[in-house]
Amino acid sequence: MQRTVLAVLAAVFLSAAILGTALAEEKGNARKGKYLFRKNCRSCHSPEGGKSDLSPNSMTQAQWTKAFGNWKSVPCHGEWGGLSDQDRTDIFSYMHDYAKDSPTPAKCS
Amino acid sequence: MATTPDLRLTRRGFLKAAAVAGTGALLGSLAPAAPAAARPAAADAPYDRSAYSVCDMCFNKCGLIARVRGDKVVKLDPNPKFLKSRGMLCGRGNAGLRQLYDPDRLRYPLLRQGERGEGKWKRISWDEALDLAAARMKEIGEKHTRCGMLFTAGSDMQSGFVHRLAEVYGSFNVTSHESLCLVSNNRGFLDTFGEVPFPDVLHSKYVVMAGANRFEALVTPDSMDLMAAMQGGLKLVVLDPRRTKTAGLAHEWHPIRPGTDMAFMLALAHVIVNEKLYDAVWMAEKAYGLEQLAAHVADKTPQWAEAECGIPAADIVRIARELAAAAPQAMVYPGRRSSDYENSTQIRRSFAIVNALLGNWDRPGGLLAARQVGLKGAFPYTAPWYDDNPFERADAGRAPIMFEEEGSFVHMREAVLSGEPYPVKGWFIYKTNPMQTAPDRQRTVRMMQAMDFVVCVDIAMSDTAWMADLVLPAPSYLERMDPASGLQGSSACACVVQRDPVVPALYESRPVFDIVKGLAQRLELGEFFDFTVDQYRAEQLKGLQDAARALASDGVYYNPSKVYGIYEGRAHKTKSQKIEIYNQRYAELGLDPLPVYAPPATAPERALRMVVGRNALVTHSSTQNNALLHELVPENTLWIHPIAAARLDIRPGDRVEVASPVGRGELAAQLTPDIREDTVYMLTGFGALSGGLSLVKGRGACLAELLESRADALTGNAAMHETFVTVKRAGAGKEARS
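Top line first, the protein sequences correspond to chains A and B. Sequence positions in the first sequence follow the numbering used here and run 1 to 109. Sequence positions in the second sequence follow the numbering used here and run 1001 to 1738.
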């Protein structure tokens, strides 16, 4: 019995690790995304910034995927000029991974 | 600077104070609230001023009024206007006075001189201490990246400042006490309801309590509300291998076989689903996965559950029907300390699913959503980015759905010991004591030995401080200014509390805010702490117009936010945007989307299962050395059933040796029928190593020494009920019993 449990656990860890790696490669660095979001977005998207107060917790993962999938339709995209494709991917990764329906919703931005 | 007062409170005086504290709560509704500022006192008054504060003897933060004579706090009374605690201050709360005037308190910074844990220290100045700590942190950051430092802070109103330092310093490696406690419960309920609920015990009619002991493991207001609701007719059913005080006062106590709670819950679900005892309209609108659950529990009959958990099938059927009849004012209580089994998250998922079937979400007597408190974040910042940092936390990947802010202490310890995926060589610890609270103490000792530098900030020389390189003295809660903190007390309140110093800090103690600010300045990160606690608090309270006045006049601010019906027209934070009985994300991750029962491990021959539990006069490991509480709980004992004891030739009062695969300990046996024959129990926090804990060093046995290092598969929460121990009479074999 114990051996079976261990085998199942090992399989779970392995698949989770593989899945985690695949997602990471696909979506970029969420931690750097947090830094870039704070640096580039929060100046406007904060209580003091005048625009909507945004955090990953503002939307669901599906909503973030849709927004960043079509980022040129985001009203302020013209101000994203300084961001590289990688930066944008990193920010998306942060917003998506800590979205309100994510396993770990952001407590603050 | 204040001097140490000669304040000897006797046990008799303490009990008298506690009794007066109780009546204070009653008088409070008649008498005007004590103002925070001084007011004239009669010549014979035992105190000349009063000040509001918030207790720190456990995590509950109960409001209190400190009575002060001159520069000495002479008594602590409950704040009758504090709804969360229902105007109560418990025994530990009353003993907070002794924490302030404990002769064992740390007085000045200490630098280790001898071997780690040897207890040889050198007094140094604060400048030397902060210069040294900053230099070592810089060195570790340069050598191992910033993630080479681990930060661990306990439950404290200033712990946020430690997290802020960790983030601006550049380390992702932050752990808390929570992964030695409640993260499995949080995970299980979050992944069902989209948030962690508050049980509305006061308005409930029927509570099934498993894995919780609310009359000893006090949670405000639940503990008081449970008693009040029982007086009003609530039925309490307790499942516990021990007859705890909660079990003793319950209408029914079922000494369930340890590790089988899920079998009981799945059988409850079986009955409720099969007999269609749920509100079909409500379920269709609010819940996702009822069909899958029906198929999942089709064979989880009460007869099947009886064979697993030992509770008669007829009782399971009856309890299911009674729960459903009382619904939605009925609940399976979401316990707190869920650090028990390797499938603890899925066990708690089964609790959550029964609650979903009862339709009690967001309704009186059920499970409530978080209310609006209204505190703001203060002094937002953009932490620097360090390009050489690794991609992830050091404990990442060891469990599939850990919480980012908590991590897993058990897995982090393995990462430190293995040096994989990268070296973690420095540790900043604030007011938490993993040497006593984490399983397998010897493993924590090895973790300490693997570190190049450990700095520990605490009020007293805990076992963790004892193993550190640098120990920095912190003031007690009565001596410092704390930021505002938002609390929810179930349906009682959503409130804001804060602390101001009641008396000046004793000795050379400094609040952790000053320490992290001093370190940040030395690490060229001073801009992130360019404020005072006072300024920080003012920022937090902006937008709560009446808060400052209410805090000054009542010691607490209440936000009159909505209590019930918060989710009317609102989506749940789950993938289906409903209550997820069937968790779709788990399915995507290859995890069981519905909780799958696995029987607990069978005990090896002659071995007994060790379970962990609480006592209302003890908080983890932080209060055993408090002289007032120590008089009441001087030492732990091993609870063992008389039949099990007879088999082992153990008699009342015998000293026994308890051994597990990782450690051993010696303590007195307490023969009692209040525990199952296959289970033993002992209180945590005794058998201390620290020479700075004069009352408990080497006294009793250390539970952490015995517990094996196991973890919940999903969250990495410690699994502290997975250890089997052998018990024998101390000295047995060497001498015959006369």
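For the record, the hints were derived by calculation from the structure and aren't laboratory data. It is possible that some hints are incorrect.
What the hints assert, rightly or not - Dumping the calculated BS3-like pairs for lysine-lysine here, alpha-carbon to alpha-carbon at most 25 Å:
1. B:K1205 to B:K1286
2. B:K1542 to A:K107
3. B:K1245 to A:K66
4. B:K1376 to A:K39
5. B:K1578 to A:K66
6. B:K1562 to A:K107
7. A:K107 to B:K1573
8. B:K1542 to A:K39
9. A:K107 to B:K1205
10. B:K1573 to A:K51
Stated by the list, open to error - Which chain A residues face chain B? A few, computed with CB under 7 Å, are given here:
11. R38
12. C44
13. K66
14. K100
By construction, the Cβ of each residue, glycine as well, lies at the ideal position given by its N, Cα and C atoms.
Tested hints:
| no. | hint | result |
| --- | --- | --- |
| 1 | B:K1205 to B:K1286 | holds, 22 Å |
| 2 | B:K1542 to A:K107 | holds, 19 Å |
| 3 | B:K1245 to A:K66 | violated, 53 Å |
| 4 | B:K1376 to A:K39 | holds, 20 Å |
| 5 | B:K1578 to A:K66 | holds, 21 Å |
| 6 | B:K1562 to A:K107 | holds, 21 Å |
| 7 | A:K107 to B:K1573 | holds, 13 Å |
| 8 | B:K1542 to A:K39 | holds, 24 Å |
| 9 | A:K107 to B:K1205 | violated, 33 Å |
| 10 | B:K1573 to A:K51 | holds, 24 Å |
| 11 | R38 | holds, 4 Å |
| 12 | C44 | violated, 13 Å |
| 13 | K66 | violated, 15 Å |
| 14 | K100 | holds, 5 Å |
In summary, the numbered hints that this structure violates are 3, 9, 12 and 13.
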